[in-house]
Amino acid sequence: MGQPKTIIEKIWEKHVVHREEGKPDLIYIDQHLIHEVTSPQAFEGLRLANRKVRRPDLTYATMDHNVPTIHRENVKDPISVKQMEALRKNCEDFGIELADMFHPDQGIVHVIGPQLGLTQPGKTIVCGDSHTSTHGAFGALAFGIGTSEVEHVLATQTLWQEKPKTLNVHVVGELGPGVTAKDLILAIIAKFGVKFGTGYVMEYTGEAIRNLDMEGRMTVCNMSIEGGARAGLISPDEKTIEYLRGRRYVPKGEEFEKKAKEWLALATDEGAVYDKTVTIHADEVEPQVTWGTNPGMCVPVSGSTPSLDEVENKEEVRRALEYMGLEENQPITSIEVDHVFIGSCTNSRLSDLQKAAEIVKGRKVKDGIKAIVVPGSFTVKMEAEKLGIDQIFKDAGFEWRDSGCSMCLGMNDDIVPPGGRCASTSNRNFEGRQGSGARTHLVSPEMAAAAAIEGHFVDVREYKARVLQ
Amino acid sequence: MKAIKEHKGRVFPLNRANVDTDQIIPKQFLKRIERTGFGQFLFYNWRFDEDGKERPDFPLNDLKYKGTSILVAGENFGCGSSREHAPWALLDYGFQVIIAPSFADIFYNNALKNGIILIKMEEAQVNEWMEKAEEGDLELHVHLEKQEITDGEGNTVAFDIPAYHKEKLIHGWDDIALTLQLEDKIKQYEETMQV
Ligand code: SF4
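From first to last, the protein sequence lines are chains A and B.
Numbered by the working numbering, the letters in the first sequence go through residues 3 to 471 in order.
Numbered by the working numbering, the letters in the second sequence go through residues 196 to 390 in order.
Some hints here could point you the wrong way.
As the list claims (entries may be wrong) - The calculated label-pair distances, taken between Cβ atoms and stated as ranges, are:
hint: 1; chain 1: A; residue 1: Glu99; chain 2: B; residue 2: Gly232; range: 27 to 33 Å
hint: 2; chain 1: B; residue 1: Lys261; chain 2: A; residue 2: Val313; range: 31 to 37 Å
hint: 3; chain 1: B; residue 1: Lys197; chain 2: A; residue 2: Glu387; range: 49 to 55 Å
hint: 4; chain 1: A; residue 1: Pro26; chain 2: B; residue 2: Glu385; range: 19 to 25 Å
hint: 5; chain 1: B; residue 1: Lys197; chain 2: A; residue 2: Asp95; range: 27 to 33 Å
hint: 6; chain 1: A; residue 1: Gln356; chain 2: B; residue 2: Gly262; range: 54 to 60 Å
Stated by the list, open to error - Pairs of lysine-lysine, DSS-like flavour, derived with a Cα cap of 27 Å:
hint: 7; chain 1: B; residue 1: Lys315; chain 2: B; residue 2: Lys380
hint: 8; chain 1: A; residue 1: Lys16; chain 2: A; residue 2: Lys193
hint: 9; chain 1: A; residue 1: Lys25; chain 2: B; residue 2: Lys200
hint: 10; chain 1: B; residue 1: Lys380; chain 2: A; residue 2: Lys25
hint: 11; chain 1: B; residue 1: Lys261; chain 2: B; residue 2: Lys315
hint: 12; chain 1: A; residue 1: Lys16; chain 2: B; residue 2: Lys380
hint: 13; chain 1: A; residue 1: Lys12; chain 2: A; residue 2: Lys167
hint: 14; chain 1: B; residue 1: Lys361; chain 2: B; residue 2: Lys380
hint: 15; chain 1: A; residue 1: Lys25; chain 2: B; residue 2: Lys315
hint: 16; chain 1: A; residue 1: Lys316; chain 2: B; residue 2: Lys327
hint: 17; chain 1: A; residue 1: Lys165; chain 2: B; residue 2: Lys315
hint: 18; chain 1: A; residue 1: Lys7; chain 2: B; residue 2: Lys380
hint: 19; chain 1: B; residue 1: Lys363; chain 2: A; residue 2: Lys167
hint: 20; chain 1: A; residue 1: Lys165; chain 2: B; residue 2: Lys363
hint: 21; chain 1: B; residue 1: Lys327; chain 2: B; residue 2: Lys259
hint: 22; chain 1: A; residue 1: Lys165; chain 2: B; residue 2: Lys380
Claimed, not checked - Under 8 Å between C-beta atoms, here's a sample of chain A residues computed to sit facing chain B:
hint: 23; residue: Asn52
hint: 24; residue: Ala157
hint: 25; residue: Gly434
No lab work stands behind these hints, which were simulated from the structure alone.
Note that the structure is predicted; figures quoted are calculated from it, not measured.
Where is the CB? At the ideal position from N, CA and C, for every residue including glycine.
Modelling step: build the complete structure from the supplied sequences, incorporating the hints.
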């Protein structure tokens, strides 16, 4: 036995194609995912230089950012159409598999990767999208890249990357009832800030992480980038293996069992040393709500917006409160919403929809609120419909849509109007993210569902005790 | 990529931390399939109101900063989305150098790949330049080879930049062409690892 190693180092060392003093490493990429928004210029670059895609078989494409979630057959925006057509043509010309708008495998790129089993432990996975960190839930080293890097991967199947530093995000204890993976990751970012992970790859460890199911782990890893880290991952365990068993792109039969052993062996060794460790106590985490314009501006639902006298970054806080149309010291539960969005690559998987449905079952969305549910993939949508979840939402007054990114970033028609206020299960509350002038509060699916019913934020634990008994 | 050895220009101070790429270029402008033409949309929601009219309170609209080509900003510049449209917009608008106490990882790579000089500088120095540019007019001369910045008054400040990035900027090297020189090694990797 050599030195104990972290999973991050193990994956890295396996992927170095070329190493030279004074340069980043050239690492091999096992899986490249692409979508319509960040790829057109990369393909254009290939064509101009007369280059081919080195490994179309390791590349997989879908359409998610632009696609309408209603009346798909009739995309109104001609520029969106152009972008989708470009992807279709690029995939055809270069021989890349594509789940296009009407394909049964279509969905948000970070939802379908795991669902199809393209996402596997130990792989290096990249995509021109910062939430590629989601795939880290399986013990893959997965990170977002820019369009020049997309072109580089298409042409060479490799990337020049500095070996990352390792950061252990250690979660002690267990999450209380009614507190979710989303609350945990929001609490982590609230505690350590939006750049504590810059330059690092995070590994989430500890009991609370092990206790999360795979979908919860994806929610946590998804938002690693909101803490500044390009990638966040979780060592694989039996849950990882069971989730992957039987999925389309994983090996079958004995080959799978062999793989499973290799995957489990990737887990961080006992005694491995990280460059940095931060610790948070899960039992102290409450349901969270963001009040400001970055994900670190977040407090427990029992809290209030900050008091200007008590913060160091006064100007930033003042500007955020102004943009959000909030006062200082305002109780979170006094904030009324007019939009509710359940969806995005953070929280649009089956279990997210199930948990939200429990909250709204037999109740009605408050008058004046526009509430939509956007499943993360066509498959999630079908599964939910089989379970009758769509009907629960529709009966309550939610709109039940087709899959895509939708109101997470509002590149299609699903936007929050200027001054509108949205309880959203997505991952970014930046100014204008959900629409110009829109105000976003990030919450868990349960919290979003409860806000839809009550018209303002409530502690979902208290709501459950009061309403669901 | 164009080779760039030095740059002299006036400073635009953006006194905000955590400027995210949604702010640098809002999503409604990500639908173009070219790399060019994004400058007009830079900082769109800060520069323009709902009717597309210039907001007088956003400093970039101040005539004083017309023609500035060095952006000085607060920490964690470029956080959020991986969209390379952000550096495309900055460059297309005319910014060739960005100086900040820290940058988000993905943005850092994206900007360098487009020939933007990114300089990490201590907060105190950033603030000093920010104030000077706010109060008056500040011109800086960035010498990439010497890793030095000089101002009009003869002050010189040194900066760090990874040697590898510096080389690439100075020579304007195309990453893909460089990598393809290692194609044999890639092939060999694929064979041994059976990918
Ligand atoms: S759902 Fe939102 S965060 Fe996720 S990939 Fe789509 S736009 Fe990005």
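inquiry  = So, against the hints stated earlier in the document, which numbers end up violated here?
reply    = Hints 7, 8 and 23 not satisfied by this model.
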